[in-house]
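Asks: Produce the complete structure using the sequences and hints provided.
Each chain, written out:
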Amino acid sequence: GAVVSQHPSWVICKSGTSVKIECRSLDFQATTMFWYRQFPKQSLMLMATSNEGSKATYEQGVEKDKFLINHASLTLSTLTVTSAHPEDSSFYICSASPPLRSSYNEQFFGPGTRLTVL
Amino acid sequence: GEDVEQSLFLSVREGDSSVINCTYTDSSSTYLYWYKQEPGAGLQLLTYIFSNMDMKQDQRLTVLLNKKDKHLSLRIADTQTGDSAIYFCAERRNTGKLIFGQGTTLQVKP
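Chain order of the listed sequences is A and B.
All residue numbers in the first sequence are consecutive under the working numbering, ending with 118.
All residue numbers in the second sequence are consecutive under the working numbering, ending with 1110.
Bear in mind the hints are in silico, worked out from the structure with no lab data behind them.
For each residue, glycine too, the CB sits at the ideal point set by N, CA and C.
Misleading hints may appear alongside valid ones.
[Stated by the list, open to error] FRET-style restraints, in silico, Cβ to Cβ:
hint: 1; chain 1: B; residue 1: 1066; chain 2: A; residue 2: 80; range: 28 to 34 Å
hint: 2; chain 1: B; residue 1: 1109; chain 2: A; residue 2: 68; range: 23 to 29 Å
hint: 3; chain 1: B; residue 1: 1055; chain 2: A; residue 2: 80; range: 31 to 37 Å
hint: 4; chain 1: A; residue 1: 12; chain 2: B; residue 2: 1066; range: 42 to 48 Å
hint: 5; chain 1: A; residue 1: 68; chain 2: B; residue 2: 1014; range: 42 to 48 Å
hint: 6; chain 1: B; residue 1: 1055; chain 2: A; residue 2: 14; range: 29 to 35 Å
hint: 7; chain 1: B; residue 1: 1109; chain 2: A; residue 2: 39; range: 35 to 41 Å
hint: 8; chain 1: A; residue 1: 39; chain 2: B; residue 2: 1107; range: 18 to 24 Å
[Stated by the list, open to error] DSSO-like mimics (lysine-lysine), calculated; alpha carbons at most 30 Å apart, straight line:
hint: 9; chain 1: B; residue 1: 1036; chain 2: A; residue 2: 20
hint: 10; chain 1: B; residue 1: 1097; chain 2: A; residue 2: 41
hint: 11; chain 1: B; residue 1: 1067; chain 2: A; residue 2: 41
hint: 12; chain 1: B; residue 1: 1067; chain 2: A; residue 2: 66
Replies: What follows is the structure in structure tokens.
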């Protein structure tokens, strides 16, 4: 099956610093990638949809200047949490969709990145 | 509303069947999914069902869909300790956006 990786798997940073999270599709090209945020024991909330070569579409309530998304190639999307604060601590999960999708249009999920902001 | 609803916790004994229920919100959603999440990991697609189907069986997994009531269930036969995880249902809206439930923690006791 299609594999999506994320790096790093966990990161601890000081308040006020910026953190970059990478999402890679390893064996397929992903025209669309999605970024989700998951709080403990809660559901995944879509933050933004990222299309290769164009600006990301952010969900309502998500600050685009705080969560910078770059989808520069068909296999890589990055999420940068700028000026991170403790309330940004969360589990960030990306997913990727190949261009030639099956009828059920599956998203392939990465393993997630645990961000802790001190 | 926007919410996909699931019960939060289910405990079963090894070898029993598990049934996890979900109520979704949009009758025009085309596909409904069940994902499994193990601790500290991403989501693994278990199975899916197209909205014009009533039932889908895949080995130990049976999905039932009641479109009228917008109710979805996942039955796991002969539940094993390795099935312990959080199970999320999700609906796919016409926009392509996935809306997830809050997840059901399945605890399997030996």
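Asks: Are there hints from earlier that the structure breaks, and if so, what are their numbers?
Replies: 1, 2, 3, 6, 7, 12
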